[in-house]
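Protein chains: 2
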Amino acid sequence: MPTNSEAQDLYPSRGGAAATLAPRLDPVVHAPAERAPPVARQLIQAYERRGFLILQALFNDTELAAMQVELERLRNDPLLAQRPEAIRERETGALRTVFRVHRLSPLFAAVAADPRLVELARYLLDDEVYIHQSRLNYKPGFGGKEFYWHSDFETWHVEDGMPRMRALSISISLTRNHAHNGPLLLLPGSHRSYVVCTGDTPADHYQQSLVKQEYGVPSDDCLRQLAEQSGGIAAAIGPPGTTTVFDCNVMHGSNGNITPDPRSNVFFVYNAVSNGLREPYCGRPPRPGFIATRGSIQPLIPAPLELAARS
Amino acid sequence: MPTNSEAQDLYPSRGGAAATLAPRLDPVVHAPAERAPPVARQLIQAYERRGFLILQALFNDTELAAMQVELERLRNDPLLAQRPEAIRERETGALRTVFRVHRLSPLFAAVAADPRLVELARYLLDDEVYIHQSRLNYKPGFGGKEFYWHSDFETWHVEDGMPRMRALSISISLTRNHAHNGPLLLLPGSHRSYVVCTGDTPADHYQQSLVKQEYGVPSDDCLRQLAEQSGGIAAAIGPPGTTTVFDCNVMHGSNGNITPDPRSNVFFVYNAVSNGLREPYCGRPPRPGFIATRGSIQPLIPAPLELAARS
Chain A
14 MPTNSEAQDL YPSRGGAAAT LAPRLDPVVH APAERAPPVA RQLIQAYERR GFLILQALFN
74 DTELAAMQVE LERLRNDPLL AQRPEAIRER ETGALRTVFR VHRLSPLFAA VAADPRLVEL
134 ARYLLDDEVY IHQSRLNYKP GFGGKEFYWH SDFETWHVED GMPRMRALSI SISLTRNHAH
194 NGPLLLLPGS HRSYVVCTGD TPADHYQQSL VKQEYGVPSD DCLRQLAEQS GGIAAAIGPP
254 GTTTVFDCNV MHGSNGNITP DPRSNVFFVY NAVSNGLREP YCGRPPRPGF IATRGSIQPL
314 IPAPLELAAR S
Chain B
14 MPTNSEAQDL YPSRGGAAAT LAPRLDPVVH APAERAPPVA RQLIQAYERR GFLILQALFN
74 DTELAAMQVE LERLRNDPLL AQRPEAIRER ETGALRTVFR VHRLSPLFAA VAADPRLVEL
134 ARYLLDDEVY IHQSRLNYKP GFGGKEFYWH SDFETWHVED GMPRMRALSI SISLTRNHAH
194 NGPLLLLPGS HRSYVVCTGD TPADHYQQSL VKQEYGVPSD DCLRQLAEQS GGIAAAIGPP
254 GTTTVFDCNV MHGSNGNITP DPRSNVFFVY NAVSNGLREP YCGRPPRPGF IATRGSIQPL
314 IPAPLELAAR S
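Chains as they are written, first to last, in this note's numbering: chain A, 14 to 324; chain B, 14 to 324.
Isolated chain A (complex conformation) (with noise of 0.2 Å):
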């Protein structure tokens, strides 16, 4: 594994940094502007803008119907919850995420897998690519809790030692998102700006900070001058099945959920394979494999989803 000098650190955070904005070194969209983009160019245009873009209708009903009984059978599958990949409530004990689900569901490996996921990948990241963290989210309804605002890349970075923003997230719903039940809230235009967070990383900090946020966190006057810039909170809302692909620095963060209705959905974070981990620049040791992909890393071959296949 590659080491890290003092001088290596582009984006320090924490360990007595202080709470500011500090410039991205790193490009959005990092093919060049003669590339055909695998989407429209105006959603490449508005992902480079706003830091994110929304995809609706991407999979079909089946693909779609596929996921959702692999989502229960994950849930139910005993032996799964007792590994270490699975992360329950602290408080009622019910399966909240379960992380490498790329690897642990024959299905979600082939989703990830996708050129429909995998090609857009590529193009925003000039690279191949591979899953540096995939996970399934449970947020029950009837008080599914908060995710405060944070930036990916500052974890990604300090805690992992991921060097530069060329990663990406692709969120698929697996259930419908309304403005209430705790939708992904996104600060547009916030990828441009690195939010430095003061404090430290305590060890082991991540067994934590899966279900409690206290490190990493951004500062009132960090948060309130890049929802000024957004000209507005935008909501990742819509049947399920809606994909949103979002920059690895966008602020994002989710209200708790007193509704009725469960809000689930998969997460693959693709990372180039140039960007792949050094030591964690907070100087701690890596965190588990199942939360950040270390080693020897194969780049992901795109293969069309064949459910017939499957079955």
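Keep in mind that a hint or two might mislead.
Heads up, the list lumps identical chains together, so a pair's fine if it works in one copy or across two of them.
Said to hold, decoys possible - As a list, the in silico SDA-like pairs of lysine to any residue whose alpha-carbon atoms are at most 25 Å apart:
1. LYS158 <-> GLY106
2. LYS158 <-> ARG189
3. LYS158 <-> LEU93
4. LYS158 <-> ALA94
I should point out that these hints are in silico values taken from the structure, not numbers from a laboratory.
Based on these hints, arrange chain B on the given structure of chain A.
Only chain B this time, still in chain A's reference frame:
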């Protein structure tokens, strides 16, 4: 104070009751059909059907600005902060609620008595009215807490001894309410069912329940039924001054608020003088007078808000 016999409790809840939806035994609009309402009749019909109505621009800009100034004045009043009426956030100590604001603030006393509110309350309740409870709510941005689903009447009946459903609330927003800063959510039509709750009522429950609800909480099954019948959750969204009038038994709550935008409102509960409090139906001592007015009750005398005369 009138005493209760077992036979008089028309709306039993807690104390061994099983969770269920019971029928409402009282009218929603108490005025006779032929009486001319003080607002458009369609609004009254919507109130009867849905359990609430929303009025925009009921107050002019001068009046609204005066309320906003008063909101800040009270927030910064060090003597007020020491009074029992001032309720603070458990974690941060920030002011969350000021009760009995119709007595503690001359301005809000005048707002409570304004004919635009009082005449509507007198019409809907078909009686002289008085203020059962009033409060100023400060819901901060950056993590304001949720308020779980509840019927106010269930609490007022069980803990305060309000005999019948002949009361209503009027909430005037003093900040902008949008979909994501924890607006008031309502289940349309839920006011026609009485949600019987399980559990007991601990002594001095109100001290906890103002910060976190644990009793008088509807079951998931009851909420699911009400949500299915509702045709969709409604949200009280709008600019400052948006005025929501809602029946004492409509199921409502609010999500938390991670956005930077605070959400403050002033809130008056009007009760029919013929529906004055008896002993609490839970058998516990009554809650303090600043939460539930009892004793010798004087009907409100409507008096137009006169800001010029006050300066």
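Consistency of the hints with the structure:
1. Taking the closest pair of Cα atoms, LYS158 and GLY106 come within 25 Å of each other both inside a single copy (13 Å) and across two copies (22 Å).
2. Taking CA atoms no more than 25 Å apart as the test, LYS158 paired with ARG189 passes in both settings, with 17 Å inside one copy and 24 Å between copies.
3. For a Cα distance limit of 25 Å, the shortest separation of LYS158 from LEU93 inside one copy, 22 Å, qualifies, whereas the shortest one across copies, 33 Å, does not.
4. Taking identical chains as interchangeable, the C-alpha atoms of LYS158 and ALA94 lie at most 25 Å apart only when both belong to the same chain, with a minimum of 20 Å there against 30 Å between chains.
In terms of the numbered hints stated before, the structure departs from none.
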